[in-house]
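Okay, here's what each chain looks like letter by letter:
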Amino acid sequence: MKSRRDFLKTGLALGATLSIATRKNIFAAEAPASGEAAPAPVTASAAARPVLVAVRDGSRTAMLDQALAALGGIGTFVKKGQTVLVKPNIGWDAPPERGANTHPELVGHLVKLCLDAGAKSVSIFDNTCDQWQRTYGNSGIERAARDAGAIVVNGKDESLYREVEIPGGVKLKQAKVHGLVLDSDVFFNVPVLKHHSGSLMTAGMKNLMGVIWDRGAYHRADLHQTIADFLTFKKPTLTVLDAYHPMFRNGPRGVSVEDVVEKRMLFASTDIVALDAAAARLLGHQPSDVRHVKIADEMKLGTMDLNQVEIRRFNLT
Amino acid sequence: MNRRLKLLRVGVALAIFAGLTAALADFRGAIPPRVGHWLASAQFVPSLVALIAGTAFGIVALVILLVTLAAGRVYCSAICPLGILQDVIARVSSWWPGRKQPRQRYAPPSTWIRQAVLWVTVAGVVAGWGGLALAAFDPYSNFGRITSGLLRPVLTLANNAVVGPANAAGLTALYRVEPHWASLWVLHLPILLLIVLVVLVVWRGRLYCNTLCPLGTLLGMFARKAAFRLEIDKNACTKCAACMRICKAQCIELRSGAIDFSRCVTCYDCIGACDNGGIRYRWTWRRRKPVTSPAKSEGIVGASLLATPPKAPPAPRHAWGTELVERASRLQQRNESGLAGIPPATPVPSGDVPDPARRAFIAGAATALAVSIAGSARLQAGPQAHDRDAEEPGRDRRAGPYTRTICPPGSGGIDRFLDRCTACQLCVSACPTHVLQPTWAGYGLAGIMKPRMDYSIAFCNFECRICGEVCPTGAITLLALAEKQVTQIGEAHFDEKKCIVIVKSTDCAACSEHCPTKAVYTVPYGDNLRLPKVNPVLCIGCGGCQYACPALPEKAITVASRNLHGRAERPVEQKVAPPASAGDFPF
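Those sequence lines, one after another, are chains S and H. For the first sequence, the positions run 1 to 317 when our numbering is used. For the second sequence, the positions run 1001 to 1587 when our numbering is used.
Here are the simulated lysine-lysine pairs, DSS-like style, with alpha carbons at most 27 Å apart: (1) 234(S) with 112(S); (2) 1498(H) with 173(S); (3) 173(S) with 1504(H); (4) 294(S) with 1504(H); (5) 1504(H) with 171(S); (6) 1504(H) with 300(S); (7) 1504(H) with 176(S); (8) 234(S) with 120(S); (9) 112(S) with 235(S); (10) 1497(H) with 171(S).
Don't read these hints as lab results, they were simulated from the structure.
So here's chain S without its partners, still in its complex pose (with noise of 0.2 Å):
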């Protein structure tokens, strides 16, 4: 049932996305037609296109008010009672402005955002790569998701990890999987750009491995195709891609701040494939030059022809 404020809210977030979706149709030629009509709820059939929200020039949170209302809003993903797992990039001991993890405000913000929409829950955790409670506090994702109301889960606990076949997996045939990517009700997968000295790439796909136990598994086993072969077995609900400041060199723990440009940019989709090939377009490669992209598309776990993909843009300026 929605209270008035719920019924104002939705209201005034779909007045919102309609004037700026408008507005935003003057200059973007390529703009889809939907933005007249409420947007079209993404989940809803498997032969629409996938729809990738591209926001940019806002500020972090409405850049990400923005992705959620043309996507249908959060009560798309979120239903009251949900235990809802928000995993964002963690992975170094690096202060906000290194842009080597996912922005604390957008992860507060899209924490608060659950919460409101009824979440029974909402736990964060990373498997990280320099210490974690360093990595979770300086990171300023421990405060931020904490001070929105989140559980923040450690995950450097090999008992929380459970131990999962995964049948589709070409290389990756089993693994340890966080129990909360296995018990939440919703998957947010909220990673940061970045460029990687290994993989090319940073994004959407490359985050997952955050949730399993043994990365080193995934290193020893043909990197790229296990990354790809994760996504047979879970898909996150939606993904939000920070690329406010994405990391163009050094990646992915950066040197200093010159390796970050500031893109002012937010992707969303719950296509990780698409997502990831928009990504790395703004990186300066094309889709297919990222392996794991490329090997996730042949195996049909998303689309990395983007004209293949319903893009809404947003210019938030």
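Since the structure of chain S is already known, use the hints to place chain H on it.
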């Protein structure tokens, strides 16, 4: 006032003990580094090492000596965690079902053992083995090894046992922590010491402090001459023996009414035990008219510590002397004739020669300290020991510029580190990544239980310098973060024959991924692959690459120690130029 001393002692002792135990047994980084640093810096041996190295807190060692000279071995009961631990053991063992309250009786001092241990330690320091001698015998460091090596993993396991139920009950502040046991090789030393302590404590109180601890012996030399000493008021004493029975140092000789203050650990238990208020602190310097013991002579009074005791008439000097008391008590045991039967000046028939022994004991106090300092001159190299060491390459005890054992950033190099580290394990406990682990034979004999970087467990966090923050001796200097980030403790060596990129023709680069300076970078290779390369100029040896390398059975990239730490170039960065994109979005 005298009776409140015990309360004060217990209060201070518990505070220091709790703080140090918490810092050393801390398994989840809950205790701020400065707490451990301050408390450890208030310990004698770390402070002595720091004093010689010229670190700020070094003055504490002198203060402790002065306090001992003023009021006895306050350190041993109120500050030394190993001493307090013995009191805790005594208290806990008294709760054992059926065990009676411990009752002590006077025991003569084990002068030769005490002297031997002290002089072996001093000789070790003089011989350039100070790093071993101080580490092995420092009571604080021994406490650290017990607490960090044994208690911390046990607490970790206990924590992990309750995490599940606690989390289920909504207590999310608890989380599992990977317990890191040191190897049994490493742990047998603290285990052995703990067993010895328990046995000695239950058997004979503070026997450890009065035989095996060289610091106890050293401080005893000062305490013997203390300005304020605990003394028995002859007029009040009824010889009820309550004080003797409660004395854990076994230093109250009742028949003669003497307290061997060189062994007294100033626990003040005897003050409260005496119903008549017969034991009190008394000023003993420049006491022209002895209050209770007319036999006290001016020969002792006012004697300078550093000077040989003046030749005083033997009779009064020895009336209350420990040696005589000892002899007397031995005689008493043989023959109940008692002290009164022995004329004070009678030459002793036994082999003990009291006068020279005593002189040696006193002279030892001065020389032990002086020699320790002189012998430790090698410690005086400042934090930037690099240059001096570079000028004397022959000083390096280890062959070749690289070894496998890597010492932490801020320690300057293996030689300097081993000289100053007392293996107290404070950094091992505080290290957030647990890359610092005690080694057994990694550094050789002088380095037993001293911390090394263990890249099989973790790697050094680039933004962290907690080991330098906690280290009480200056063995690990607290470098500025920017300085730490260019300090080369080792150098990565890449063996591409073992690399997954070459062996399997797939992408990997886990090493480069983890490299904080991008000393490990990748170059295009084969069909859209990226192959790691190492730029040694940028490599600081943090071990990220080695830790991350997934190659089996052997890592393709490993870090070798720089026995003398170096300085890496700082990566100079221009703003990255992003690929030009036309329009709103590049798609």
